[in-house]
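Take the sequences, apply the hints, and build the full model.
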Amino acid sequence: AQSVAQPEDQVNVAEGNPLTVKCTYSVSGNPYLFWYVQYPNRGLQFLLKYITGDNLVKGSYGFEAEFNKSQTSFHLKKPSALVSDSALYFCAVDNAGGTSYGKLTFGQGTILTVHP
Amino acid sequence: DTEVTQTPKHLVMGMTNKKSLKCEQHMGHRAMYWYKQKAKKPPELMFVYSYEKLSINESVPSRFSPECPNSSLLNLHLHALQPEDSALYLCASSLRPGTEGSYEQYFGPGTRLTVT
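Order-wise, the sequence lines are chains Z and X.
Residues 1 to 116, numbered by the working numbering, are exactly what the first sequence covers, in order.
Residues 1001 to 1116, numbered by the working numbering, are exactly what the second sequence covers, in order.
There are no misleading hints in this set.
Here chain Z is said to cover these stretches of chain X; the calculated rule only asks that three of the stretch's residues, wherever they fall, bring their Cβ under 8 Å from a Cβ of chain Z:
#1 1030-1044
#2 1089-1100
If the Cβ cut is set under 7 Å, some of the chain X residues that face chain Z in the computed set are:
#3 F1107
#4 P1109
#5 G1110
Result set (PhoX-like, lysine-lysine): computed pairs, CA atoms no more than 25 Å apart in a straight line:
#6 X/K1022 with Z/K103
#7 Z/K103 with Z/K49
#8 X/K1038 with X/K1019
#9 X/K1022 with X/K1041
#10 X/K1040 with Z/K77
#11 Z/K49 with X/K1040
#12 X/K1009 with X/K1040
#13 Z/K49 with Z/K69
#14 X/K1041 with Z/K77
#15 Z/K49 with X/K1041
#16 X/K1038 with X/K1009
#17 X/K1038 with X/K1018
#18 X/K1022 with X/K1040
#19 X/K1040 with Z/K22
#20 Z/K58 with Z/K69
#21 X/K1038 with Z/K103
#22 X/K1019 with X/K1053
#23 X/K1038 with X/K1022
#24 X/K1038 with Z/K22
#25 X/K1022 with X/K1053
#26 Z/K77 with Z/K22
#27 X/K1022 with X/K1009
#28 X/K1053 with Z/K103
#29 Z/K103 with Z/K69
#30 Z/K58 with Z/K77
#31 X/K1041 with X/K1009
#32 Z/K22 with Z/K103
#33 Z/K22 with Z/K58
#34 Z/K49 with Z/K22
#35 X/K1009 with X/K1019
#36 X/K1041 with Z/K103
#37 Z/K77 with Z/K49
#38 X/K1041 with Z/K22
#39 X/K1040 with Z/K103
#40 Z/K58 with Z/K103
To be clear, the hints were calculated from the coordinates, so they are not data collected in a lab.
The C-beta atom is built at its ideal place from N, Cα and C for all residues, glycine as well.
Now the structure itself:
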């Protein structure tokens, strides 16, 4: 079975400061890891993904994420937060070749609020 | 064009009604998905179509009936729903199914369904 944990329900950060949204995962095989963002009354929007290779993945809107295999983590980061980054963020995993292959498992989501 | 469209945006239906949700993409994607999402919760996978064939049904009640008439269209037929079925219904598509690799999903804006 595959699972994702986002340990923080909410993250608050001041505009201009760096932000981190945490994600840890559990899979039996090789993970495909994704970050999605959801703005109010909208669908989810893909930000970035990790498949293999470089542990630092760069994505849309200045976001990046660091894959850490030993800690089974895939934290989302941005060097300088914007008020417009305020949204609900979901980490998701697919277990390449595992029993749940082809199905995304989402974390519970983290509400990011960036204060002016 | 990286857009998934969904109609209608809002739908209110009684428990005896029959209605349909529609999803469309013109990106040449060969996998399409239906998700159900409650407020501030992660999306829950309902169905996956791969190459126009139903490949995953997450034990969804038969009052939800999916249909994929062609590679660009996905419908969700609703009949005799319950109030607890009220939610945001999201459609998504990916270039290929997840069983063929790590393909990110593109989500539509959703249909806000209220069952009275």
